[in-house]
Amino acid sequence: MGQYGFVININDCYGCKTCSVACKSENLTAKGITWRKVREFRVENPNRMDFISMSCNHCDDPQCMKVCPVSAYTKRDDGIVLQDHEKCLGCRSCVMACPYSAPQYDPVEQKVSKCDMCVERIDQGLIPRCVESCPAQIIKFGEINELRAEYGNDIEVVESMYNMPSHKISQPNVVIIAAN
Amino acid sequence: MGEYEFPLVIFTVFSQWAVGIIMALVLLEWLNPKFMNTIGKQILNKTVYIALVISVIGAVSSMFHLNNPFKSYSSLLGTGHSWLSREIIAVILFNLCLLVFTYIWWKRVEQDKIRKAVGTLTALLGLVLVLASATVYFSMQLHPAWNNWTTFANFLLTGFLLGALTVSYFSLKANTKENEGNVMKILGMYLVFIIAALLVTISSSVMMANGAVESQVAATNSITSILFWVRVLGSLMVPATLVIYMIVGKKVVPIKYVLAVTGFVLIGELSGRMIFYSSIMSQYPWF
Numbered sequence: 001m002g003q004y005g006f007v008i009n010i011n012d013c014y015g016c017k018t019c020s021v022a023c024k025s026e027n028l029t030a031k032g033i034t035w036r037k038v039r040e041f042r043v044e045n046p047n048r049m050d051f052i053s054m055s056c057n058h059c060d061d062p063q064c065m066k067v068c069p070v071s072a073y074t075k076r077d078d079g080i081v082l083q084d085h086e087k088c089l090g091c092r093s094c095v096m097a098c099p100y101s102a103p104q105y106d107p108v109e110q111k112v113s114k115c116d117m118c119v120e121r122i123d124q125g126l127i128p129r130c131v132e133s134c135p136a137q138i139i140k141f142g143e144i145n146e147l148r149a150e151y152g153n154d155i156e157v158v159e160s161m162y163n164m165p166s167h168k169i170s171q172p173n174v175v176i177i178a179a180n
Numbered sequence: 001m002g003e004y005e006f007p008l009v010i011f012t013v014f015s016q017w018a019v020g021i022i023m024a025l026v027l028l029e030w031l032n033p034k035f036m037n038t039i040g041k042q043i044l045n046k047t048v049y050i051a052l053v054i055s056v057i058g059a060v061s062s063m064f065h066l067n068n069p070f071k072s073y074s075s076l077l078g079t080g081h082s083w084l085s086r087e088i089i090a091v092i093l094f095n096l097c098l099l100v101f102t103y104i105w106w107k108r109v110e111q112d113k114i115r116k117a118v119g120t121l122t123a124l125l126g127l128v129l130v131l132a133s134a135t136v137y138f139s140m141q142l143h144p145a146w147n148n149w150t151t152f153a154n155f156l157l158t159g160f161l162l163g164a165l166t167v168s169y170f171s172l173k174a175n176t177k178e179n180e181g182n183v184m185k186i187l188g189m190y191l192v193f194i195i196a197a198l199l200v201t202i203s204s205s206v207m208m209a210n211g212a213v214e215s216q217v218a219a220t221n222s223i224t225s226i227l228f229w230v231r232v233l234g235s236l237m238v239p240a241t242l243v244i245y246m247i248v249g250k251k252v253v254p255i256k257y258v259l260a261v262t263g264f265v266l267i268g269e270l271s272g273r274m275i276f277y278s279s280i281m282s283q284y285p286w287f
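Chains A and B, in that order, are what the protein sequence lines are. FYI, the numbering for the first sequence is 1 to 180, going by my numbering. FYI, the numbering for the second sequence is 1 to 287, going by my numbering.
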């Protein structure tokens, strides 16, 4: 199996945040911690709202893994970047380094956590909860090269439209279909 | 308030101050060995003790950045890839060497060659520590405001300035004839260089937008903060008056004036470091 990744279709997303709620319900994240967030962008011309649902992009060059002093992050053969939560010292280097704000710091527990792509579900042959829950099938999941071949890979266009961090920093495994 | 990262502010400023003291001492060892081998080794011992104390305070402070200070040893596990792990190793090596250096100043100060050699080694390890600390932030490509030369310059100059002032204070306190001569000129020129470099660094920090929105916001956050101007006043304008006095003035510099300037610079550098962190961390989440 190659690298897993997500597709986000901004064109059709209407910002219901079911994905975000489903993720929280599945992973029982703490108060204030939302592994999958729906970013909202107001566009003037034409007048509309765009929504980008994003969690962790399980990058090819994970900055979290690079900066972590306790080596809490590992990257599996299927590309999922996992955190060993027990090792976390709460230094927040990964929070500083991740371009997509995926690792989130819980001030109560004083540790960081992030999306694990529902790895336990994947190991059982299921799909991530956010993908399963999306009512409009906005979020797709699969082998990233297959997804890029099917949906295109205009990430630079999306970066300039929504002032996203450059993909060159960490090479995220996500396909984002821009709004028309 | 968490965006100011107070434990890291104390850790970085104090560890750099300790390194700066050692560097100023070693500068005198190399440029004026006659002074150091006679009067210097008798009057400057307190600077080494102070360096050790503030270095330990800094190191302890850094542990309050973690959820469990007693597990901080595990932060050495990432030396293969994490500059934070490497920084911690540098802290340990510098402090071990500083401990030996302190012992030499306490019990073996007469041994000039050993004192100079260990001092030089300690200074070099200190330089490695400051560079490693700076690289932790420089290496984050996500943050153009950190990913440039001013991060290195800021960290180095904090140490150089505080260290030079500390050594100047104790040199003047001894009130020897040598103070009016070569030693003050060396320290005075050293301070001129540091202040000029700091002026360039602070100016560049706020002018360097790198075309990135985050950098522009960071620059705006900086110059609209009272802490930035506290730094300009405390770390630039006040010590500039001191160096003018030292170099141009014909009278001996009053000792309390140097102490006051050191206090101003410490406040200035703590303020500047708070701005360093908050100008970026206040912008979280990045996306």
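Simulated from the structure, these hints should not be mistaken for lab results. Wrong hints could be hidden among the right ones.
[Said to hold, decoys possible] DMTMM-like, lysine to aspartate or glutamate: derived pairs with alpha carbons at most 25 Å apart: (1) Lys66(A) - Glu159(A); (2) Lys17(A) - Glu120(A); (3) Lys87(A) - Asp106(A); (4) Lys71(B) - Glu109(A); (5) Lys75(A) - Asp106(A); (6) Lys66(A) - Glu109(A); (7) Lys168(A) - Glu156(A); (8) Lys66(A) - Glu132(A); (9) Lys17(A) - Asp77(A); (10) Lys140(A) - Glu156(A); (11) Lys71(B) - Asp106(A); (12) Lys71(B) - Glu143(A); (13) Lys71(B) - Asp78(A); (14) Lys66(A) - Glu143(A); (15) Lys168(A) - Glu146(A); (16) Lys140(A) - Glu109(A); (17) Lys87(A) - Glu3(B); (18) Lys66(A) - Glu214(B); (19) Lys31(A) - Glu44(A); (20) Lys140(A) - Glu86(A); (21) Lys24(A) - Asp116(A); (22) Lys31(A) - Glu3(B); (23) Lys71(B) - Glu3(B); (24) Lys168(A) - Glu214(B); (25) Lys66(A) - Glu3(B); (26) Lys17(A) - Glu132(A); (27) Lys87(A) - Glu26(A).
[To be verified] Part of the chain B face toward chain A, derived, beta carbon under 10 Å: (28) Tyr4; (29) Glu5; (30) Ser74; (31) Gly80; (32) Trp83; (33) Val136; (34) Val213; (35) Ser225; (36) Leu227; (37) Met281; (38) Ser282; (39) Tyr284.
The beta-carbon is built from N, C-alpha and C at its ideal position, and this holds for glycine as well.
Practice task
Please write out, lowest number first, the hints stated earlier that are contradicted by the structure.
Solution key: 8, 9, 12, 13, 16, 19, 20, 28, 35, 36, 38
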